[in-house]
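There are 2 protein chains.
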Amino acid sequence: MPTLKEQGKNKVISRLLDAAAGVIKRSGVKIKAIGAGCPGPLDSKKGEILSPPNLPDWRGVRLKKIIERRFRIPAVVENDANCAGLGEAMSGAGRGSSSMVLLTLGTGIGSAIVLDGKLWTGKGGFASELGHVSIDYNGLKCGCGNRGCLEMYASATAVVRRRKAAGKMTAEDVYKAAEKGDKISRRIVDETAVYLGAAIANIINALDPETIVLAGGMSKAGKKFFYKVEKAAKERALKEASKGVRIVPAELGEDAGIIGAAWRAKNS
Amino acid sequence: MPTLKEQGKNKVISRLLDAAAGVIKRSGVKIKAIGAGCPGPLDSKKGEILSPPNLPDWRGVRLKKIIERRFRIPAVVENDANCAGLGEAMSGAGRGSSSMVLLTLGTGIGSAIVLDGKLWTGKGGFASELGHVSIDYNGLKCGCGNRGCLEMYASATAVVRRRKAAGKMTAEDVYKAAEKGDKISRRIVDETAVYLGAAIANIINALDPETIVLAGGMSKAGKKFFYKVEKAAKERALKEASKGVRIVPAELGEDAGIIGAAWRAKNS
Chain E
-17 MPTLKEQGKN KVISRLLDAA AGVIKRSGVK IKAIGAGCPG PLDSKKGEIL
33 SPPNLPDWRG VRLKKIIERR FRIPAVVEND ANCAGLGEAM SGAGRGSSSM
83 VLLTLGTGIG SAIVLDGKLW TGKGGFASEL GHVSIDYNGL KCGCGNRGCL
133 EMYASATAVV RRRKAAGKMT AEDVYKAAEK GDKISRRIVD ETAVYLGAAI
183 ANIINALDPE TIVLAGGMSK AGKKFFYKVE KAAKERALKE ASKGVRIVPA
233 ELGEDAGIIG AAWRAKNS
Chain L
-17 MPTLKEQGKN KVISRLLDAA AGVIKRSGVK IKAIGAGCPG PLDSKKGEIL
33 SPPNLPDWRG VRLKKIIERR FRIPAVVEND ANCAGLGEAM SGAGRGSSSM
83 VLLTLGTGIG SAIVLDGKLW TGKGGFASEL GHVSIDYNGL KCGCGNRGCL
133 EMYASATAVV RRRKAAGKMT AEDVYKAAEK GDKISRRIVD ETAVYLGAAI
183 ANIINALDPE TIVLAGGMSK AGKKFFYKVE KAAKERALKE ASKGVRIVPA
233 ELGEDAGIIG AAWRAKNS
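Order-wise, the sequence lines are chains E and L.
Going by our numbering, the first sequence opens with residue -17, and the numbers climb by one from there.
Going by our numbering, the second sequence opens with residue -17, and the numbers climb by one from there.
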């Protein structure tokens, strides 16, 4: 169901909890734990929302406690990109892999790192912000304060920004135009493949993962785009690590986060 | 003892094993396992050397088997940068940390990633090649085939290359000259701090580690250099993850690899 954030946090939360209660009742299944995926940054240990840019009034909400009080079973709160990554790793394009990195190319770039079947979340739960790993220390200024963040080059927003001369296009429009032979769109798509490939080469050299999963609108850009991303990544990465790495599209679509939140609750 | 690689692999290996046998005998200690640190790339699972650029005749040497045949106890072979990282993580500058990343700034840049007290080595043992993580997708061409590798900007070799006008200087000479007020040297040192800071910001945003350890000749460049690196890193990294991260010099010097190889054998 849609968030309808303009209703304010209290209404949104009680509507979501009511919906969950209804599903639990109708299913007849005994629920042992609840996992909730939320926009970050958040403190997963405490189950507290910190400062999500798109949900400013949620700052300080102790979602874990709220869920546990209502349902009287353990709850886990994890950031939504991590949930999507865990979902794809356990039940989607990464299943069977010893290690997987997810990049979700949307308005921004979400990402997750799953090592030995577990999310790597870092000392404070802030790891795997791969959209803010820079591909050019002297590159485009990003809203986060850094320069050259991948998000500034390969997110859907960045693709549309580079094609702005054409007016109101979406990233998918740019991909379709490129397929149909529009030269400017094709150049933008090819550049995007190189940016993404350079970032993926860095991921390969740093982590030597078994599988890299690309999700989000841009992952639907077609086989040709995937092939170009893979080519750029393997040309740049060290031979030993790039041998055998799988670069594949996500499988679970918008369900990835829901499935991953459930895994996160199961494994905690 | 020095490797004396010009003697060829057979002589070098038997000299090393004789030395180890002598130490074991004199110590009177019962040894349960042996850990050996070697230049990579190598296959740690098989204990086989693959293709170390500086030891070409070692290709295909099954060092694990050779050690086990001689001493009749289990042996582990791990790449030397990983051994140094594990040493610093367990007994050096990273002890007590839940996660640590080591960067050794020498002729090249060696590195290691230690997560939850264990080396992260990836699907094939080729992870943590952070010297070949690029800080500029369109930057200087590296011998590995990629562009903009950190090694091309922040290794001792890169520092000396940029100061080449001055003739035969070492990286330490450049640092000393900068301290004494030489303007060109100071600019090079300041640039190096920014390159390193940009790379460390990427590590922080990707892995949110508790401690980052800098080792090698350049880590002796003094407190001012460390301060500049830390400043550049924290200016660029996301606030949440950079809060509380420790950036510290290595403690174990050249013993890091020996101590880490022992830990690697103990933990396997």
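A few of these clues could be false.
[Said to hold, decoys possible] Computed list of lysine to aspartate or glutamate pairs in EDC-like fashion (alpha-carbon distance at most 16 Å, straight line): (1) Lys27(L) with Asp0(L); (2) Lys123(L) with Glu217(E); (3) Lys225(L) with Glu(-12)(E); (4) Lys158(E) with Asp172(E).
If you're looking for bench data, these hints aren't it; they were derived computationally from the structure.
Original post:
For which of the previously enumerated hints does the structure constitute a violation, in increasing order of number?
Top reply: 1, 3
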